[in-house]
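Chemist: Please construct the entire structure, taking both the sequences and the accompanying hints into account.
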Amino acid sequence: MNTTAASLDTAEVAKFDAMAAEWWDAHGKFAPLHAMNPCRLDYITAQIAAEFGRDRSADRPFDGLRVLDIGCGGGLVAEPMARLGADVTGIDASETTVGVAATHAAGQGLNIDYRQITAEDLAASGAQFDGVLALEIIEHVAQPQAFLTTCAALTRPGGLTILSTLNRTPKSFAAAILGAEWVMRWLPKGTHDWSKFITPEEMEAMMTTAALDPVDRKGMVFAPLSGTWSLSDRDLGINYIVTAVKPA
18 MNTTAASLDT AEVAKFDAMA AEWWDAHGKF APLHAMNPCR LDYITAQIAA
68 EFGRDRSADR PFDGLRVLDI GCGGGLVAEP MARLGADVTG IDASETTVGV
118 AATHAAGQGL NIDYRQITAE DLAASGAQFD GVLALEIIEH VAQPQAFLTT
168 CAALTRPGGL TILSTLNRTP KSFAAAILGA EWVMRWLPKG THDWSKFITP
218 EEMEAMMTTA ALDPVDRKGM VFAPLSGTWS LSDRDLGINY IVTAVKPA
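For the numbering used here, add 17 to where a residue sits in the sequence shown, where the first one is 1.
One or more of the hints may lead you astray.
[Unchecked claim] Computed list of lysine-lysine pairs in DSSO-like fashion (alpha-carbon distance at most 27 Å, straight line):
hint	residue 1	residue 2
1	Lys-213	Lys-188
2	Lys-213	Lys-46
3	Lys-188	Lys-46
No wet-lab data here; the hints were simulated from the structure.
Modeler: As structure tokens, then:
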């Protein structure tokens, strides 16, 4: 693995290395991602189905589609995508995390190509995918623009790049830093650096610079009383998700 890749932040990798064993504990440090996952998957599958003319009600609607999950973690998104028929590759800079993901997938009888490799190194190999997912990762990389350019390189012409992240607003500081890390202690203190959060406008500008065409964006809104997440056309104040198409 090229540890000098432009987007790789070794301190961030170390943070998640330390928590790797807890990826599949729905009540552990990754509980917020487990709760968010149905909302993320609803958006992702809808975008992919619309772009490639697939019926989400089919047993394996994404048969024949190649999907890359960058910063795949323990496989919370890779596994459902594989169950929907996609040919899934999951990459992560953490060797420990990739091991956890591969072991869990094997236990579920899923064939997922997990690799410890940087996105830059994979792009250098010439690999391209119908869909590239980068979820809750861009706020942890060293150079967001370089990372987005790499995402674009990994997306085939006519394919989709989908990213989710945190907006840089007072509301996100209160929720993601003060609330999630300091008050509720859902995440270890220091998991996020608010200054590295990216606004939707900044994200779309960087996508355009990377030769991607942003086509959709939605907020992901948490309801504290029910503990559930939902998509919003208007509220992008904390979490949001964006889709871009790579021109054919």
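Chemist: So, for every hint listed, does it hold in this structure?
Modeler: So, going through the hints one by one against the coordinates:
no.: 1; hint: Lys-213 / Lys-188; verdict: holds, 15 Å
no.: 2; hint: Lys-213 / Lys-46; verdict: holds, 21 Å
no.: 3; hint: Lys-188 / Lys-46; verdict: holds, 22 Å
Of the hints listed earlier, there is not a single one the structure fails to meet.
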